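Next come the chains, spelled out residue by residue.
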Amino acid sequence: MTPRARMLAAAVAAALTVAACGDDGADTDERGDDLSGTTVTLVTYDSFPTPDPENPLHAALAAFTDETGIEVEVLIAGDTGTMLAKAELTAGNPEGDVMYGIDNTFLSRAIDAEIFEPYASPAAVDIPDRFTDLVPNDEATPVDFGDVCLNYDVAALEAAALQPPESLADLTDPIYADRLVVQNPATSSPGLAFLLATIAEFGDGWEQYWADLAANGVEIVDSWTTAYYDSFSWSGGDRPLVVSYGSSPPLEVLYADEPIDAPSTGVVTDTCFRQVEFAGVLAGTEQPEAARRLIDFLVSEQFQVEVPLNLFVFPVNPAAELDPVFVEYATIPESPLSLDPSEIAANREAWIERWTEIVAG
Amino acid sequence: MAGPGETALAPGTALPRWFVVAVTVAPLGFLAVFYAWPFANLLGRALDAEAIGDTFGRRSTWRVLWFTTWQAVASTVLTMVAGLGPAWAVSRFSFPGRRALLGVLTAVFVLPTVVVGAAIVAVLPESLDRSVWAILGAHVVFNLAVVVRTVGAVWERLPVDLEHAAATLGASPTRAFRLITLPLLRPSIAAAAAIVFLFTFTSYGVIRVLGTTGRATIEVEVWRRATQLGDIGGAATLALIQLLVLGALVLVSSRVQRSAARVIELDARPRRPSPLGRQRWWVALAAGGAATVVVMPLVALVERSLRGEDGYSLEAWRTLGDTEIRPGLSLGIDPLGALWRSITTAMWATAIAVALGALAIVAISVLGRSGKVLDAGLMLPLGTSAVTIGFGMLITFDRPPVDWRAEWWLVPVGHALVALPFVVRAGLGVVRSLDPDLRAAAATLGAPPIRAWATTVLPALRRPLAVGAGLAAAVSLGEFGATSFLSRSGAETLPIAIERLLGRTGRLFQAQAFALAAILAAATIAIVLVVDLAGESLAGDGLAGEDPARGDERARGH
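Protein chains in written order, with this note's numbering: chain A, 1 to 361; chain B, 1 to 558.
These are computed hints drawn from the structure, not numbers from a lab.
Some hints here could point you the wrong way.
Claimed, not checked - Computed footprint of chain B on chain A; a stretch qualifies when at least three of its residues, placed anywhere within it, have a C-beta under 8 Å from a C-beta of chain B:
{"id": "1", "segment": "70-84"}
{"id": "2", "segment": "149-162"}
{"id": "3", "segment": "182-195"}
{"id": "4", "segment": "219-227"}
Note that the coordinates shown come from a computational prediction; the quantities given were computed from them, not determined experimentally.
Think of the CB as a built atom: it goes at the ideal place given N, C-alpha and C, for glycine as much as any other residue.
This is chain A alone, in the form it adopts within the complex (with noise of 0.2 Å):
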């Protein structure tokens, strides 16, 4: 094993192509001529769509072929974490030029294997600073985000006279016994983000919450599905609290079987941990002109209009515009609770090691 030499094959790379970047950074519209006939491959989640000229994102794709002449093929990685092991086992010989999809729980580590090879869009100066000050050195752009939210079950609740809780610190009230369902954060992503809400909310506190929730009956299972479609209430489980997003209850009504009016479930708005995900010209790419492109496309409001109803996060571009269904029920909290993305990486393995032991016992 030699990631000593790894890195450091990564970090020449990177230092090359950044140099070659600011050879040619000047002359765009010479950019796009030489460019058209090449392929660019995106590396992304398994979130994203399938390819199929129907779909709005890959629709938005094939007219930035159009435009610049580049094509661009999307290569599913499978789940955020997976895709970014591959990044690192890879780093210097990428499976693609451009990834998207690292989130700010991953980004760290993102950033510690030099998958990317730094890049400051021109398209990303629209971008509020409180995304873009997560990637201080330009390692990687931000082109989407999303929450992660306790969510009720209206009816459930109502059923029971109880009033959603309002706040973290509700959850281990006693009424509250029995009724929550979390994902492990060891294996599940909206877990973890629940998991590190209750650290940006409580600090050093975080252990005795969490021995609290334990003793309130709290119930763990491994993934956002079991959770949400086995547990919660709403889908015939007994529990009417879940961790889930600020944008379920929209989505509920978009992918009703039966149209409805309303989502019968609700956000507690104060839960909310924000994940912010990102794109990156991968280090190593043959075509970093290219994938420059790219990038600038994907925070593009051409691109950015379409993220919400096919990847079910928000655009971090203020230009584009949302859907009227999200604009009326989405949450989308002011401050979000939120941790630095260097602290995350330092304690993620650390802190998930404690949490198991605190509520496995």
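Since chain A is already given, all that's left is putting chain B on it; use the hints.
Leaving out everything else, chain B in the frame of chain A:
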């Protein structure tokens, strides 16, 4: 190369060395290139003293090892207990629905674990959902077929006269069973137990769906460390531990099987009378119990596919082909495309597995002692963590002249890797049971060794290969292992599409996922039933459709 096996048995019929080499090189090369090399490459790159030290120094490692072992032992014991009754019923008696029961049992075995795990949740009362009983129960449902087919294949050919003789001498049925039948069944019971242990020890999908905190198998922990934590070294260490444990298990079990083996003339053709009198109740109980246990999850799949907002609806089935949910709203998953891709992938995987399997069967049977090594080698992919094979391929086939990581055929090749052992198992017993005298006779009549070999062995291979092809196709259809860790451009197979649908918000997606799962289950059952029918009509009979020694024809993708 040719050991003291069959080749040496009949002087004058020894096969030429070049022939032996020729049949060995393809399956051996396949195993070396697509399994051993990638796996070794990953270990070589990730494994070091630090990773090993860290792994053994972690408390979670011991927790995982303990849970993996005890749940595998418990699952194996429960499966054996639950499986012996049905094995007795289907091997000793003929009754209506017997063949269908066998088909369904086998089909459940090759279904994607993620899907059946979810179905189990639907069946169990909520209080048991998260208990370890759900995991054990799912393992029993999955592996019942192993016991019924492996043990049943021997049981149906045990001479009935032995028990009759014991009864005439005054032994009670229980005593006759304990003293006569059980000792004769012991090797097949040991074989079945070893297989069930192998599959429950490496359980992945079931644990992912039914597990909760503190209940991770090694396979799940390997996945977690490799992907979620990026700790490839720790993952490789655990994968190696798993492989070593299973390697030891295979050695022990083959020793037990050998020492427990009794020389006994098996009936060539099983006699299966209709049950009489009180027997009828016992047969009904055993077969009915097994049927209930495996059919309930399948019914639950269909039920879940029909579940709508208020009551039941056919919406999910009706919209299965539409990728557009509403105007401007697209699904992003192409279920019918995935179905088609699964079928084409299964065809390629089957072709590869049958071609190489045929060569491997021949090679193993003519190689003698070194044949055993090849046989065991072909089993290794079943006990190896899927993530490590997938990631191994990724870092091995990444540069010319082997820049294959983006090739479409790597997926069917991966499926063939797990289907191969089943093809081999299906055919090996038949070839081994061929009377060497037959070949000697052919040779005496003037046929050159290869010709004598070909005229006796090849016709006998046709039927087991047909059986093996069906099993390979079923295995490929349900495979959710190593190849799911390969990157793909729109080439997702049905199990992956199902998993993606299950991961989406929206009741309709859930229902569609279960509809797809029901289609997959139906396709698998159809294949297995056709194979069973073909197997029985081609050569008269046989519970496993083939090999009297072992019927362990199943690989589930992890």
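Structure versus earlier hints - violations, ascending order: 2
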